[in-house]
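Colleague: If you count by our numbering, then the sequence shown holds residues 295 to 584, one letter each, in order.
No wet-lab data here; the hints were simulated from the structure. Take these hints with a grain of salt, some might be off.
Straight-line C-alpha distance at most 20 Å; calculated DMTMM-like pairs for lysine to aspartate or glutamate [said to hold, decoys possible]: (1) LYS460 <-> GLU432; (2) LYS460 <-> ASP359; (3) LYS451 <-> ASP436; (4) LYS442 <-> ASP457; (5) LYS442 <-> GLU432; (6) LYS473 <-> GLU348; (7) LYS442 <-> GLU418; (8) LYS451 <-> GLU418; (9) LYS460 <-> GLU418; (10) LYS460 <-> GLU377; (11) LYS473 <-> GLU395; (12) LYS451 <-> GLU432; (13) LYS460 <-> GLU446; (14) LYS460 <-> ASP338; (15) LYS442 <-> GLU425; (16) LYS460 <-> ASP400; (17) LYS460 <-> GLU376; (18) LYS460 <-> ASP370.
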Amino acid sequence: IIGGIAADYVTPETLSNVLNLSDQLTAASARLDSMNDGLQTTGDLQNMIFLSAERARGSYQATADAVSQLGLTAGDAFGSSEEIIAFTEQVNKQFVIAGTETADMDAAMQQLTQAMASGVLQGEEYNSILEKAPNIIEAIADYLAVPKAELEDMAAKGQISADIVKAALFAAADETNAKLESMPKTFEQIGTSFQNAALVAFQPILERLNEIANSEAFQQLVNGAMEVLAIAAGMALQIFDLLSAGAGLLEENWSWLPPLVYGVAGALAVYYGWLLLTKGAALAAAAAQG
Numbered sequence: 295i296i297g298g299i300a301a302d303y304v305t306p307e308t309l310s311n312v313l314n315l316s317d318q319l320t321a322a323s324a325r326l327d328s329m330n331d332g333l334q335t336t337g338d339l340q341n342m343i344f345l346s347a348e349r350a351r352g353s354y355q356a357t358a359d360a361v362s363q364l365g366l367t368a369g370d371a372f373g374s375s376e377e378i379i380a381f382t383e384q385v386n387k388q389f390v391i392a393g394t395e396t397a398d399m400d401a402a403m404q405q406l407t408q409a410m411a412s413g414v415l416q417g418e419e420y421n422s423i424l425e426k427a428p429n430i431i432e433a434i435a436d437y438l439a440v441p442k443a444e445l446e447d448m449a450a451k452g453q454i455s456a457d458i459v460k461a462a463l464f465a466a467a468d469e470t471n472a473k474l475e476s477m478p479k480t481f482e483q484i485g486t487s488f489q490n491a492a493l494v495a496f497q498p499i500l501e502r503l504n505e506i507a508n509s510e511a512f513q514q515l516v517n518g519a520m521e522v523l524a525i526a527a528g529m530a531l532q533i534f535d536l537l538s539a540g541a542g543l544l545e546e547n548w549s550w551l552p553p554l555v556y557g558v559a560g561a562l563a564v565y566y567g568w569l570l571l572t573k574g575a576a577l578a579a580a581a582a583q584g
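Sequences and hints are given; from them, build the entire structure.
Modeller: Structure representation (C-alpha cells):
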C-alpha cells in the first residue's frame with residue numbers, strides 16, 4: 295500500500311518541485327545571512343520573518359525575499375534587520391487591506407525597494423505604488439498632513455524621502471493592525487498559513503537535500519551517470535551512422551530491421567542501467583563507510 299501511494303505522489307514532477315524548493319530556500323537563506331546585522335542568528339531572523347508573515351497573512355517565502363532585498367539594496371535606510379522586518383510587515387498588511395493581487399504586490403514591493411534604496415520616492419516608483427497600493431500613499435499623506443494633490447507635487451520634486459516613507463508606515467501601524475484584525479481570514483490566507491508552517495517544518499530536510507547535492511559522493515555519482523550516458527550516446531550514434539551508410543539495405547530490409555534496432559536499444563538500456571545502479575550502490579556504500 296505504501297509503495298502504491300509513493301508511486302502515485304512521488305513523480306518526477308513532484309521530485310523536481312521539491313528540489314527546486316530546496317534550492318530556493320538555500321538561496322534565500324544565503325541572502326538573509328548576507329544582510330543580517332549580526333544582532334541575531336540567521337535562524338532567529340528566519341523565525342522572525344515567519345512570525346511577521348503570519349501576522350500579515352502573507353507568504354513566508356515572499357516575505358523572506360522582500361526582507362533580503364531591502365536589506366541588501368536599501369539597508370542604509372534602516373537601523374537594524376529587525377526594523378526591516380517590521381517595515382516589510384506593515385507594507386504587506388497594507389497590501390492585504392487594499393486587496394492587492396500577488397503579482398501587483400511583487401511589482402509594488404520592487405518599486406518600493408528601489409525607492410528606499412535611492413533614498414527618495416518619486417516618478418515611476420510613486421506612480422506604481424499609487425496604482426497598486428493607494429493606501430500606502432494615503433498613509434504618507436496623512437503623516438505629512440497634506441492632500442494627495444500636494445503629495446504628488448512633492449513626489450515630482452523628489453521631496454518624499456525614504457525616512458518619510460518609513461516613518462509614515464510606522465506611524466500608521468496601530469490603525470493598519472486594527473484594520474487587518476477586523477477583516478476575516480480568507481481560505482486562501484488560511485492555506486498560505488498552512489504552507490508557511492509546512493515549509494518551516496520541512497526546512498531542515500530541504501536544507502539537507504541541498505547538502506547532499508553538494509557532497510563529493512553525490513557529485514561522483516552524477517559524473518558516473520554522465521559518463522554512462524556519453525558512452526550509450528556514442529554507441530547509438532555509431533548504429534545510426536551504419537544505418538545511414540546502408541540506406542539501400544535499410545529500405546530493402548525494413549521489415550526485419552526495426553525489431554533488431556529495438557532489441558539492441560533495449561539491451562543497451564538494461565546493461566548501462568545495471569552499470570549505473572552498481573556504481574551508485576558502490577559510491578553510496580563508500581560514502582556510508584566514510
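Colleague: Now tell me if each hint is right for this structure.
Modeller: Hint check:
{"no.": "1", "hint": "LYS460 <-> GLU432", "verdict": "holds (13 Å)"}
{"no.": "2", "hint": "LYS460 <-> ASP359", "verdict": "holds (19 Å)"}
{"no.": "3", "hint": "LYS451 <-> ASP436", "verdict": "holds (19 Å)"}
{"no.": "4", "hint": "LYS442 <-> ASP457", "verdict": "holds (19 Å)"}
{"no.": "5", "hint": "LYS442 <-> GLU432", "verdict": "holds (7 Å)"}
{"no.": "6", "hint": "LYS473 <-> GLU348", "verdict": "holds (16 Å)"}
{"no.": "7", "hint": "LYS442 <-> GLU418", "verdict": "holds (16 Å)"}
{"no.": "8", "hint": "LYS451 <-> GLU418", "verdict": "holds (13 Å)"}
{"no.": "9", "hint": "LYS460 <-> GLU418", "verdict": "holds (18 Å)"}
{"no.": "10", "hint": "LYS460 <-> GLU377", "verdict": "holds (10 Å)"}
{"no.": "11", "hint": "LYS473 <-> GLU395", "verdict": "holds (18 Å)"}
{"no.": "12", "hint": "LYS451 <-> GLU432", "verdict": "holds (18 Å)"}
{"no.": "13", "hint": "LYS460 <-> GLU446", "verdict": "holds (18 Å)"}
{"no.": "14", "hint": "LYS460 <-> ASP338", "verdict": "violated (23 Å)"}
{"no.": "15", "hint": "LYS442 <-> GLU425", "verdict": "holds (13 Å)"}
{"no.": "16", "hint": "LYS460 <-> ASP400", "verdict": "holds (19 Å)"}
{"no.": "17", "hint": "LYS460 <-> GLU376", "verdict": "holds (13 Å)"}
{"no.": "18", "hint": "LYS460 <-> ASP370", "verdict": "holds (12 Å)"}
Hint 14 from the list above is the single one not met by this structure.
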